[in-house]
Amino acid sequence: MPSSASPSTHRVTGSEPVGPYTLLRLERGGLDPGNPGQFFMLEAPGRLLPRPFSLCLAPPGELAFLVDPIGPGTEALCGLGTGDEIAVLGPLGCGYRLDVDRPLLVGGGIGIAPLPYLAEKLGGSPPVVLGFRTEEHAEAAALLPGAEVAVDPVVVTELIGPGFDVMACGPEPMLHAVAALCPTAQLAWEAPMACGYGACYGCVVEIDGALKRLCLEGPVLDAHRLNGHVRYLVPAESAGAVSR
Amino acid sequence: MRILNASGCLDALAAPDVARQLDAFVTKTVTPLPREGSAPPRIAETAHGMLNAIGLANPGRERFLAEHLPRLRELGPPLWVSVGGFCADDYAETCSNLEDIEAIELNLSCPNVDEAADSAAEIVAACRRATGLPLYAKLSAAHPDVAEVARAVAAAGADGLSLINTLRGVALDRRLRPALARGSGGLSGPALKPVALHAVTVCGEATGLPIVGMGGIESGRDALEFAACGASDVALGTVLFADPGAPGRVRTELTAACADAGVVNPEDAAGLRKSPETQRKVPA
Ligand SMILES: Cc1cc2nc3c(=O)[nH]c(=O)nc-3n(C[C@H](O)[C@H](O)[C@H](O)COP(=O)(O)OP(=O)(O)OC[C@H]3O[C@@H](n4cnc5c(N)ncnc54)[C@H](O)[C@@H]3O)c2cc1C
Ligand SMILES: Cc1cc2nc3c(=O)[nH]c(=O)nc-3n(C[C@H](O)[C@H](O)[C@H](O)COP(=O)(O)O)c2cc1C
Ligand code: FES
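As they're listed, the protein sequences go chains A and U. The number in our numbering is simply the position in the first sequence, starting from 1, with 157 added. The number in our numbering is simply the position in the second sequence, starting from 1, with 1238 added.
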C-alpha cells in the first residue's frame, strides 16, 4: 500500500495530444512519484472502478500519465480538461530494478508510457528502442529524444542488440518475444485491475507457476517468472504487432 | 452500527491500514482444501456494477489456520471468518477448528452448494453442533423466497444473517464473447442495492435476527438506508476497490446522514421506514 490508505483528489493541470495518445498532467500534491514502472489508480470519471496507469513523467509539482483511449475509462480520462479533479491512489506495485549495468529500454505502442520516467531515473540517456503500429503512433517517440524507432512491419525486437539489460513495456506478444530473446529482461505486464492494492484478486496471472496478483508481485517481473500466458485480451487485430 | 468489509473484498494482510478502519475484519471464504480459483480474466466492469469470478481462491483450512489466522490476530480488529464448503461436514469441521474470533460467517451462496432451504439449514444445524461461536448465515437473493431460507436457517440455530451475496450474471466484450474466462460471474456494486434492501427488509421481518447488510453501499446515506430496512450492521465490498478509505469516510458520512434524517442513531432509522407518516419526511 502507498503511504496513505485513501486516494487523494488532484487537479488536472494540462492535457495535450501526443500522436493518438493524451498526456494528462495532474497536480502532484503530497504524492510520491515512486519508482519507474510502479503505477497509480486514476479515477475514470463516470465509471465505477479506477484504472491503472504507469507514471510517464514527474515534472516538478506534477505527475504526468500517457493515456491510450481504448475504452470508456481511458476515453473519459482523455476528455478531462484543466481544472477538473480526479481521485488518485499510488504509487502501487513493484517497478523496475535500477541496479543494471547496460540498460536498454524497449517499448511497444502505449508501452512507451513508463519509459520517460525510467530513463530519467537511470540518468545518462540510456539507449531506447521503440516499436509502433503506425507513423501517427510513432509521434509518441518525441517523449524519448534519441530513441530508435521501428514502425510496422518492422518489429522492435529486431532493434535489440546482444549484451543489454533489457527493460521493456508493451503488448503481450512483444513481451513474449523479448523474453525469448533476453531471458534476463525486466518486463512490465498488464492485467485488468479493480483495486491495484491486493484486495480483489482480479488481476492474477501465472507467476512462478501459480496464479498470483500482478498488482502486488509486479507489474514489472523478471522474464523467467512469468512462464504462462497472461491470456489477457489482446485484440486479435493487433496480436503479433508491436502495439495495441 | 458496525462497519465491516464484505468477504473477499479486502486482504487485511496486504492492506492493514484499510483493515484497521473497520469494526471487524471478515476473511475471504475459507474452504477445506486450497483453491487456486478461476482462470483470468476474472473481473469486468458493468453498468453500475462489476462481475467477478474469483472462484473462491483461498489457501485452504489447514494453511489458513496455521499461517494466516495468527497474522490476522496481530492486526487489531476483531475477526470474522467466512467459511465455505461443499457439504455440511465441510463447514462443520472448519467451524470446530475456530476459536477466539468474534463470529463465523457461513457462505451458503458458494458455487456447487445446493441453495435449497433445507440444505442451507442442514449446514447451519451441523455448524451449530460444532461451535458455540456466533454464526451468521450469508444468503443469496437469487432464491425465489429468501425470507423462507432465512426462516429455515434461523430455526437451525443461526445467530444472524449476512445479506446479500452477489447475483450471477454475464458480460460480453466488444466481440460478443464472455468478458470473464469462466463465462459468468457474480454481480456486485450499486446495481445490487435495491435487491439487497429488499432482502434485508423481508428477512428481518421473517426472523428478527441481527443483519449485516451489504450490496452496493458507497456512502453514509446508503448505510443509513440499510439501517432503515432493518440492518444492524453493514459491510463494504466493491466500494473498497475505488476507495480504500471508504470505511472511515462512510462512518463520517453516516453521522451527517443521521442528522439529515432527524435520527440520533442509525438504528432509529428502522422506525422511520415503518411509519408512513415519517417516511415521507426522510429526504430522498
Ligand atoms: C500496471 C498497468 C499500467 C498501465 N499503464 C498504462 C498507461 O500508462 N497508459 C495507458 O494508456 N494504459 C495503461 N494501462 C492499461 C489501462 O489501464 C487500460 O487500457 C484501461 O484500464 C482500459 O480501460 P477502459 O475503460 O478504457 O477500457 P475497457 O473497457 O476496460 O477495455 C477496452 C478494451 O481493451 C481491453 N483492455 C482493457 N484493459 C486492458 C489492459 N490492461 N491490457 C490490454 N487490453 C486491455 C479490454 O479487454 C477491451 O477489449 C496499464 C495497465 C496496467 C495493468
Ligand atoms: C471480488 C469479489 C470477491 C468476493 N468474494 C467473496 C467470498 O469469498 N465470499 C463471500 O461470501 N462473498 C464474496 N463476495 C461477495 C461480497 O462479500 C458481497 O456480498 C457482494 O460483493 C455485495 O457487496 P458489494 O456490492 O458492496 O460488493 C465477493 C465479492 C467480490 C466483488
Ligand atoms: S488489482 Fe485487485 S488484487 Fe490486484
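FYI, nobody ran anything at the bench for these hints, they're computed from the structure. Some hints here could point you the wrong way.
Stated by the list, open to error - Only some residues are given here: those of chain U computed to face chain A with a beta carbon under 8 Å: (1) Met1239; (2) Gly1275; (3) His1286; (4) Cys1325.
Positions of the beta carbon are idealized from the N, C-alpha and C atoms, including for glycine.
Here is how each hint holds up against the structure:
A cut of 8 Å between beta carbons decides the hint on Met1239 (chain U): the least distance to chain A is about 21 Å, and the hint is violated. For the restraint placing Gly1275 (chain U) at the interface with chain A, the shortest Cβ-Cβ distance is roughly 6 Å, inside the 8 Å limit, so the hint holds. A hinted interface residue such as His1286 (chain U) counts as satisfied when its beta carbon comes closer than 8 Å to some beta carbon of chain A; here the least separation is about 7 Å, so the hint holds. The criterion of a C-beta within 8 Å of any C-beta in chain A is not met by Cys1325 (chain U), whose closest approach is roughly 25 Å, and the hint is violated.
Checked against the numbered hints above, the structure breaks hints 1, 4 and satisfies the rest.
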